[in-house]
Amino acid sequence: MTKIAVEKLNLFYGDFQALINVDIRIPANKITSMIGPSGCGKSTLLRTVNRMNDLVDGARVDGKIIIDGDNVLDSGYDLVSLRKRVGMVFQRPNPFPMSVASNITFGLRVHGSAKRGDFDNIVEDSLKKVLLWDDLKDRLDRSALSLSLEQQQRLCIARLIAVKPEILLMDEPCSALDPIATERIEQLMIELKENYTIVIVTHNMQQASRISDSTGFMWLGELIEYGATDMIFTNPKQKLTQDYITGRAG
Amino acid sequence: MNPKLAQKIAFIILLLATILVIVPVGMIVVIIVVKGAPAINWEFLLAMPSKGMRAGGIFPAIVGTIYLVAATILFAIPVGVFSAIYLVEYARENLLTRMVKLAIINLAGVPSIVYGLFGLGLFVIFLGFGPSIIAGALTLAIMILPIIITTSKEALDSVPRSYREASLALGASKWQTIRHVVLPSALPGILTGIILGISRAAGETAPILFTVAAFYLPRLPRTMFDQVMVLPYHLFVVSTQIPNIKTEYTYATALVLVGIVLIANLAAIILRSKYRKKI
Ligand SMILES: Nc1ncnc2c1ncn2[C@@H]1O[C@H](COP(=O)(O)OP(=O)(O)OP(=O)(O)O)[C@@H](O)[C@H]1O
Ligand SMILES: [Mg+2]
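These protein sequences, in sequence, are chains A and B. First residue of the first sequence? That's -7 in this note's numbering, and the numbers climb one at a time after it. First residue of the second sequence? That's 2 in this note's numbering, and the numbers climb one at a time after it.
Think of the hints as simulated: they come from the structure by calculation, not from any bench. Don't be surprised by glycine CBs; every beta carbon is placed ideally from N, CA and C. There may be inaccurate statements among the hints.
Within a straight-line C-alpha distance of at most 16 Å, the following computed EDC-like cross-link-like pairs (lysine to aspartate or glutamate) qualify [to be verified]:
hint : chain 1 : residue 1 : chain 2 : residue 2
1    : A       : K56       : A       : D46
2    : A       : K121      : A       : E183
3    : A       : K156      : A       : E116
4    : A       : K121      : A       : E142
5    : B       : K175      : A       : E142
6    : B       : K175      : A       : D46
Simulated DEER-style distance windows between Cβ atoms [stated by the list, open to error]:
hint : chain 1 : residue 1 : chain 2 : residue 2 : range
7    : A       : G50       : B       : F237      : 55 to 65 Å
8    : A       : R108      : B       : I32       : 52 to 62 Å
9    : B       : P4        : A       : D49       : 50 to 60 Å
10   : B       : V80       : A       : R84       : 52 to 62 Å
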C-alpha cells in the first residue's frame, strides 16, 4: 500500500531547481532509502514532505505529495497535523537542552494532546520503543545533552514517537555515530517499521542495502531509478545507477 | 631579538596590563570600604536625613534608588526583549530593520546627559509627569534599552538552529518554538544584559538629574508620580554641595550605592546560574 505518493514534484530555491519532476510512491510500513551524491536533492525531497522547506526564503514547489489521499502541499493543509503525522530525525542528534522526560513530552505539551497525568506512561512507552528505558529510567530528569550521541539520537526518535506519527523521515540519522551505534540504530529502524513508514537518506550504501525494502537513486535533482532494494543493488536498469553504486560515479 | 627573551618580555607586558586592570577596581573598593564602613549603622541605613543632610540617614535615597531601578527594569525588559525577539526571529533583512539596528547602535553612543535633557523635555514637561519616578524610570529605560536589546539579540542568535528545526518539525508553531525552546536557551544571555542594565541604571546621575532626583526630600514616595531622592545624585550633593560634612558620610553613601548594585547583580547571577544548571 502506498503511504506517500509524490507526483511531478519540482522545487526551486530561487532560480536553482533542486528537484526535477520527481515521482515516487513510498510504501507503508517499509523502509525506503534515498541515495545519491551530495547535493542531488535528497534532503530537499525529505524536507518537502513535512514542509520544512516552507521556512526557506525563496523556495517554491509545484506538484503533489499525497499522504492518505490529501495533497499536503495545498496551501490550506494544516501544518501542525502534518508535522504530527510526519516526524523528522536529523543528521546531528538535536535533543532540546532540557531533561530527558521534557524532551519526550515536548510535543505533547505543545499540542496539548495528552493529559499531564499520562505523561509518565508516555515517557516510559516512548523510551521503551527506542530501547532506552532500561538505561535511562533512573535518569529521566537528567539533561538530554549529557547522553551519548547514540542515546541522543534514540531520544530524538522517542520524542517523535510520543506524538504518534505515522511516517518517520530520517536524514542521515547515523552519520554522527560510530559503527556499533549505527548498527543498533539500524536494528531499531527495522523494529519500528512494523508501525511506521520510514524514509531514510543515507550516504552509506551498505546501510541502504542492509535495512531498506526499496531504494531510490537521485542525481542532480532527478529521481533516476526507484525499485526494490535488491534490484537496485544487484541489477539496476540505469547505467548511472550502476556507475554510482559501483563507485564509478558520484 | 632572541625568541625566548621576546616571549618573556611579551608575557611580562601582558601580565602588567592585566594587573593594571585590577588595581583601580581594588583601590576603589578598598578606599570606599575603609572610609565608609565605620559610618554604616542602622540609623544611617534606615533614618531620614537631618541637619541639612549632615546627620541622620539616607533611607529615602535608598528606597528611591530601589524604586527607580525596579521601575526602569519593568519598562526596559519587555520592550528590549520583545524587540530583540522580533529582530532576530521575525524581521526580514530590509530597510526598516537596518534602520532599527542603526538606531540601536547610535542610541548606545548617546551621552547620558542628553538622555537627561530628552527625558526632561518629553516626560517631565511635554507629557506633564513632572520630576517623578515614572519620568526618571522611562528616561533610564531608554538609556539601557540598547544594552538589553544587543545582549538579548546575541543570546537569541546563539541558540542553535537545530533546536528551532526540531521544534518546528514536531509541529510547534513559531511562537511556541520561541516560547518553549529559544527563550529558555537564551535566558542566561538575556539575564547578563539585564545585569548590565541594572548596574548602569543604578549608577547614572545625568539622566535622573532633571527627571526625578530630589535634592532633599526626607519622606518616602507614595506614587510613581512622586519625586524621590536617589543615591548617585545624593552622593553628588553630599560631596560637592554641602560644606562641613563628615567624609565618612560621603564614603558610606558610595558604599551603599555600590552595595545595592552588587546585590542586584548577585541576585541576577544566581538566577542565571540556576537556569544554566537546569539546561
Ligand atoms: N536553502 C537553500 N537555498 C539554496 N539552495 C539550497 C538550499 N538548500 C539546498 N540547496 C541546494 O539544493 C541542492 C540540493 O541540496 P540537498 O541538501 O537537498 O542535497 P543532499 O542530496 O541532501 O546533499 P547531502 O548528501 O550533501 O546532504 C544543492 O545543490 C544545494 O546547494
Ligand atoms: Mg542532505
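Here is what the structure says about each hint:
no., hint, verdict
1, A:K56 / A:D46, "holds, 15 Å"
2, A:K121 / A:E183, "holds, 9 Å"
3, A:K156 / A:E116, "holds, 14 Å"
4, A:K121 / A:E142, "holds, 15 Å"
5, B:K175 / A:E142, "violated, 28 Å"
6, B:K175 / A:D46, "holds, 12 Å"
7, A:G50 / B:F237: 55 to 65 Å, "holds, 57 Å"
8, A:R108 / B:I32: 52 to 62 Å, "holds, 57 Å"
9, B:P4 / A:D49: 50 to 60 Å, "holds, 52 Å"
10, B:V80 / A:R84: 52 to 62 Å, "violated, 36 Å"
In summary, the structure is inconsistent with hints 5 and 10 from the numbered list given earlier, while agreeing with the others.
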